[in-house]
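*Asks:* Spelled out, the chains give:
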Amino acid sequence: MEKSVADTIRDITREHLEKGNGLLFGQCITAVGWIQHTVPPNAPGLVELPMADVSGPGFAIGAALMGRRPIFVLRFQSFIWLAISPLVNYAAKAKELWGKGVPIFIRAIATEGNGTGPVHSGCYHSLFMHMPGTLVCAPMTPNEYHEVWNAFCRQDGPVLVSEHRRSYLSSAEMPDQVRKDAVVTLFPISATRFSVLDAVPLLEKQGIRCNVVHLLWIKPFELNARVLEPLKQSGCGLVLDSAYEVAGASQSIAYDLMLATGLPVKALGQEDRSPGVAPRLENGTPTPQRIVDAVLGLLRKKS
Amino acid sequence: MATTISPRSPDHGMIPGVAEQCPADVSLEMFRRMCRSRYFDEQAFLASKAGHLKSLIYLSAGQESVAAAISTVMKGSWIFTQHRGHAPYLTFGGNATKLMDELIGLPSGCCGGMGGSPCIHDPDIRMIGHEGLIAEHVPIAVGAALADPGSTVVCFFGDGAVEEDYFFGALGFAATHKLKILFVCEDNDLSVLTPTTDRRSWQIQDVARSVGIRAVDITDDPWLVRHHAKELAGELPAFINCRTCRCYWHVGAGKDGPPEWDRFALVKQKLDELGLGGEAGKLETQMKEEIELLWKSRLQTLSAT
Numbered sequence: 001m002e003k004s005v006a007d008t009i010r011d012i013t014r015e016h017l018e019k020g021n022g023l024l025f026g027q028c029i030t031a032v033g034w035i036q037h038t039v040p041p042n043a044p045g046l047v048e049l050p051m052a053d054v055s056g057p058g059f060a061i062g063a064a065l066m067g068r069r070p071i072f073v074l075r076f077q078s079f080i081w082l083a084i085s086p087l088v089n090y091a092a093k094a095k096e097l098w099g100k101g102v103p104i105f106i107r108a109i110a111t112e113g114n115g116t117g118p119v120h121s122g123c124y125h126s127l128f129m130h131m132p133g134t135l136v137c138a139p140m141t142p143n144e145y146h147e148v149w150n151a152f153c154r155q156d157g158p159v160l161v162s163e164h165r166r167s168y169l170s171s172a173e174m175p176d177q178v179r180k181d182a183v184v185t186l187f188p189i190s191a192t193r194f195s196v197l198d199a200v201p202l203l204e205k206q207g208i209r210c211n212v213v214h215l216l217w218i219k220p221f222e223l224n225a226r227v228l229e230p231l232k233q234s235g236c237g238l239v240l241d242s243a244y245e246v247a248g249a250s251q252s253i254a255y256d257l258m259l260a261t262g263l264p265v266k267a268l269g270q271e272d273r274s275p276g277v278a279p280r281l282e283n284g285t286p287t288p289q290r291i292v293d294a295v296l297g298l299l300r301k302k303s
Numbered sequence: 001m002a003t004t005i006s007p008r009s010p011d012h013g014m015i016p017g018v019a020e021q022c023p024a025d026v027s028l029e030m031f032r033r034m035c036r037s038r039y040f041d042e043q044a045f046l047a048s049k050a051g052h053l054k055s056l057i058y059l060s061a062g063q064e065s066v067a068a069a070i071s072t073v074m075k076g077s078w079i080f081t082q083h084r085g086h087a088p089y090l091t092f093g094g095n096a097t098k099l100m101d102e103l104i105g106l107p108s109g110c111c112g113g114m115g116g117s118p119c120i121h122d123p124d125i126r127m128i129g130h131e132g133l134i135a136e137h138v139p140i141a142v143g144a145a146l147a148d149p150g151s152t153v154v155c156f157f158g159d160g161a162v163e164e165d166y167f168f169g170a171l172g173f174a175a176t177h178k179l180k181i182l183f184v185c186e187d188n189d190l191s192v193l194t195p196t197t198d199r200r201s202w203q204i205q206d207v208a209r210s211v212g213i214r215a216v217d218i219t220d221d222p223w224l225v226r227h228h229a230k231e232l233a234g235e236l237p238a239f240i241n242c243r244t245c246r247c248y249w250h251v252g253a254g255k256d257g258p259p260e261w262d263r264f265a266l267v268k269q270k271l272d273e274l275g276l277g278g279e280a281g282k283l284e285t286q287m288k289e290e291i292e293l294l295w296k297s298r299l300q301t302l303s304a305t
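These protein sequence lines map, in sequence, to chains P and V.
Taking this note's numbering, the leading residue of the first sequence gets 1, the next gets one more, and so forth.
Taking this note's numbering, the leading residue of the second sequence gets 1, the next gets one more, and so forth.
This is chain V alone, in the form it adopts within the complex (with noise of 0.2 Å):
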């Protein structure tokens, strides 16, 4: 059994006044999307538990802080994601219609109903699909960020997929050739159910400073991914491990209890102490029933037919 002990806290890495320092609307324009991509997950969730969804999902409720921070900053990139890529899509500008409309099944959806939930592909925001082995995207990342060196490119993973034997030979493919690319590893510090001290006794982020590449390890606070990803951003490739908590299973619609700490409510009691919590809970509201229309009216034509 391992030994090494994961720094897992809410405030894992933090600057102090990292968040005032943020101009007021990236700030809420961070939570819209955050927004956005909890609610629409939040229907998902809902939605499959009524039995609409007849294919796996992969929810990224808990964990859209990260994706959101990210897409504020590395605008127009490649976006390449894994299975849990519903908030990658939906805070970088993925058509929520066509998402849910994939998680249906129907062929209006973002891969037609071939892929569903894990291999979400939309070439309008750059977005190239998964095809579900985990971490295979990662090389392939790397290579599309050799083959077009004038853009940049982002690629999200979990901490199972930096097992990947395959993995290691695209981070030192990166760090070689100085490839212009951002991995952001969600560290939800779970591989299903099984924790990350029960599989290994590294750190990623030691892997990737090994190869000379620069690389984070810090909490999941929005304001706080931002801060290191416009940092990293200029000197490519990076690394960014996030310390989050993913609300549902792994897989499908259920709870396996309260996660570690509730990164959504924190980011909404930072707003207020910004003095924002108004414009907030207008930004909150407009986007909750945004998608819950979305949802009740796809069911209800659904339903209809």
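Just chain P, same shape as in the assembly (with noise of 0.2 Å):
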């Protein structure tokens, strides 16, 4: 059997604190279900936090600091906007300051509906992309979830790794879909990587063929042929991201696509208001009825 992206990252953690000297925080790691079983039960290393959101990572700077290279775990993406304060402002900056980098995995868990409602659904990587010091990246399968740990053991400051509960059950690699006919480039980041390949299908229904150019590091952002040569043969694309567009990663990654290509590249995200509770009030990663609504509101525009 294929192994999900939340086996890789248990097994991933397991190694870690098993053979690697390392430490794993978080608050309710032990609580049912070990984190959406991301989790490795019983394994050394594994430090619960208190309920202290601005210390606790704090804590995890310490331990860097010592040289064992911790993943901190938050459960819920929404409890960034408490837990940066120390992320930005000490990892983030210790290499600049001082030289010497503080080497962090921050598991940041996007999730979204079922009632999570304006406590904890959302997903706010673009945050951290504001700071300097910071990588930024989304796996959404098992092969790169191993790409973005095996970048993180190759260098020394913080990396921001938003997580999507989506993609844990998912065992499928994503590769890049280009075809000399497409009319649009898309460019997926984080769970908008799963609706678009339902709104693929229903644009080509209307005769709108697609390229998916599948993001994964979203800072750095690397202006390079995988990206650029599909958005200049298409002629215009859509960057697509699970967070909010206004001033985060879809915007400003469409912003530097159209800087280097000179095409119109649009932004889809969350829509800019609070989700809710109730089904009808919920605000998440793009449909795929928004995203075929985008596309088709993009050619109009272009024709």
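A couple of the hints might just be wrong.
What the hints assert, rightly or not - Lysine-lysine pairs mimicking DSS-like chemistry, simulated, CA-CA at most 25 Å apart: (1) Lys54/V to Lys75/V; (2) Lys95/P to Lys98/V; (3) Lys219/P to Lys180/P; (4) Lys100/P to Lys268/V; (5) Lys255/V to Lys268/V; (6) Lys180/P to Lys205/P; (7) Lys100/P to Lys296/V; (8) Lys100/P to Lys205/P; (9) Lys230/V to Lys49/V; (10) Lys54/V to Lys95/P; (11) Lys100/P to Lys180/P; (12) Lys54/V to Lys296/V.
Unchecked claim - Residues from chain V that face chain P, not an exhaustive set, calculated with beta carbons under 7 Å: (13) Cys111; (14) Gly115; (15) His121; (16) Asp124; (17) Ile134; (18) Glu136; (19) Ile140; (20) Pro149; (21) Gly150; (22) Glu163; (23) Ala170; (24) Trp261.
Claimed, not checked - Output of the computed footprint for chain V on chain P, the stretches with three or more beta carbons under 8 Å from beta carbons of chain V: (25) 87-96; (26) 186-196.
What the hints contain is simulated information worked out from the structure, not anything from laboratory work.
Glycine residues also receive a C-beta, built at the ideal position from the N, C-alpha and C atoms.
Please dock the two separately framed chains into a single complex, following the hints provided.
*Replies:* Spelled out as structure tokens, the structure:
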């Protein structure tokens, strides 16, 4: 049986804790489900944090300074608003200030819907992108998770790993889809990568052929041929994200792509409103229908 | 308005005979370290007044007895300080030239000119840099104590820092995990110029005790501080609140008025009573000249270039 993303996270973590002298910090680690089965039960080095949301990351930073390369888990990415201060003000600046990096693997778990509402839902990786000294990525497949972990092991700064619960049971890899007759290139981030796979057939039924270029690293965002050539060939693009669109990763990357190519590139993310707990008030990852509508709007404007 | 009055006095918590019980060489060494810090800050004050320092400086002068005493007990510890870190750095054996260069903004400074006065970092003495936010280093120090159980940690901060919400989280975590960390509060009673009694109704030593940490509240007499530090070092985590006074502004080169007491002068007086006045005088002169020469030669070189 193929390993899921959750299996992969758990295996990497166990290896790090058992053989790498690592530590894992988080709140309610041992609660039901061991954080969606991503934390290895009874492994050494698990540190249950008190409900001290701002000092918690400080403990992990201290451990990083002592060479323990900690994993710091935010069960809900919405808690990042409390946890972010020491992570961006200390961990991210340390290398430039003192030449001593703070290697800390920050697992920030995004979720949405199912009654999570204004408190527990949301995806906020764009916050981290704003500060110098941070690496930000959103792995959605097992191989991508390995790639991200290996990248973390090769450097000595904080890495924000923007996870999404929708990925945990998936074991599929997601190769880019590039075709010569595409009229638009989609650049999905986080859970929009699953939504896009449902939106592409809907668009195809309307005769609209799409490229799909999956984005794993959102900071640094590399403007390489893999990203630029499909855009140039298709003539326009749409960057999609599970986070808020306004001043978010999708708008930032769309801006970079537009400047690099001179082509129209739009952004689509969460709407600019707070999510509610009732299904009719949810505000999560753009749905396939929202993506279809955004593409149709983009093409109308282009023509 | 809070009504609790802090027991601020140069004799608060004094133990009769505590200085007499201290070996003479330790007394003199504590004083030498005080002089190193005091005369460094005096020169930094003058350099800033003269316009040679362009960044914010946080002078320790007046408070140096606390770090000088702690440094004779917590040798080899990881050191975490906050913005007023000159005294901990210099009394624990930090390189005065690197600190001076940092204040001037030179690449040879202890942070390469990036951090200045409040961000001193020097792996040579196991001192970990402070980024600037008040008390943010306290949870970090606690995390270091958890991750390196073979070492001890000493963490300096001020009376304003203990009011930061995450300070309590750090205190509690240290107590829960019985970490080998000594918390040292340099309590000058002021957050910039706002007295403690205008800010809170509680005492930090009571908070420490409430989570099961041994704590004392004492004046900044170095013999007294050393006495308690030695006693508590075997029962970490522990907390020392030291009532102290700074000579200069919260930030920058200026004076708000005379400090409530002058610990430096009191220590010299006590050394005289102990029959160590002659040796102490020589140490003071030597340290003063050494530090003055250091600053003078660097500033002359800079002027020439």
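*Asks:* Each hint needs a verdict: does it hold in this structure or not?
*Replies:* Hints, one by one, checked against the model:
1. Lys54/V to Lys75/V: This hinted pair is violated, its Cα atoms lying about 33 Å apart.
2. Lys95/P to Lys98/V: The hint holds at about 18 Å.
3. Lys219/P to Lys180/P: Violated, because 28 Å separates the two Cα atoms, which is more than 25 Å.
4. Lys100/P to Lys268/V: 40 Å, violated
5. Lys255/V to Lys268/V: With a Cα-Cα distance of about 22 Å, the restraint between Lys255/V and Lys268/V holds, given a limit of 25 Å.
6. Lys180/P to Lys205/P: 18 Å, holds
7. Lys100/P to Lys296/V: Given pair Lys100/P, Lys296/V is violated - Cα atoms ~31 Å apart, limit 25 Å.
8. Lys100/P to Lys205/P: Answer violated: Lys100/P to Lys205/P is near 54 Å, above 25 Å.
9. Lys230/V to Lys49/V: 39 Å, violated
10. Lys54/V to Lys95/P: Holds. Lys54/V to Lys95/P sits at ~23 Å (cutoff 25 Å).
11. Lys100/P to Lys180/P: Violated, at about 47 Å.
12. Lys54/V to Lys296/V: At roughly 17 Å apart (the allowed maximum being 25 Å), Lys296/V and Lys54/V satisfy the hint.
13. Cys111: 6 Å, holds
14. Gly115: 5 Å, holds
15. His121: With a closest approach of 4 Å, the His121/V hint holds.
16. Asp124: 12 Å, violated
17. Ile134: Because about 11 Å separates Ile134/V from the closest Cβ in chain P, which is outside the 7 Å limit, the hint is violated.
18. Glu136: 6 Å, holds
19. Ile140: Holds, because the Cβ-Cβ distance from Ile140/V to chain P comes to roughly 4 Å (cut-off 7 Å).
20. Pro149: 10 Å, violated
21. Gly150: 10 Å, violated
22. Glu163: Result: violated, 13 Å to nearest chain P Cβ.
23. Ala170: 5 Å, holds
24. Trp261: 34 Å, violated
25. 87-96: With 5 residues in contact (Cβ-Cβ under 8 Å with chain V), the coverage given for the region 87-96 of chain P holds.
26. 186-196: violated (count 0)
When held up to the earlier numbered hints, the structure conflicts with 1, 3, 4, 7, 8, 9, 11, 16, 17, 20, 21, 22, 24 and 26 and fits the remainder.
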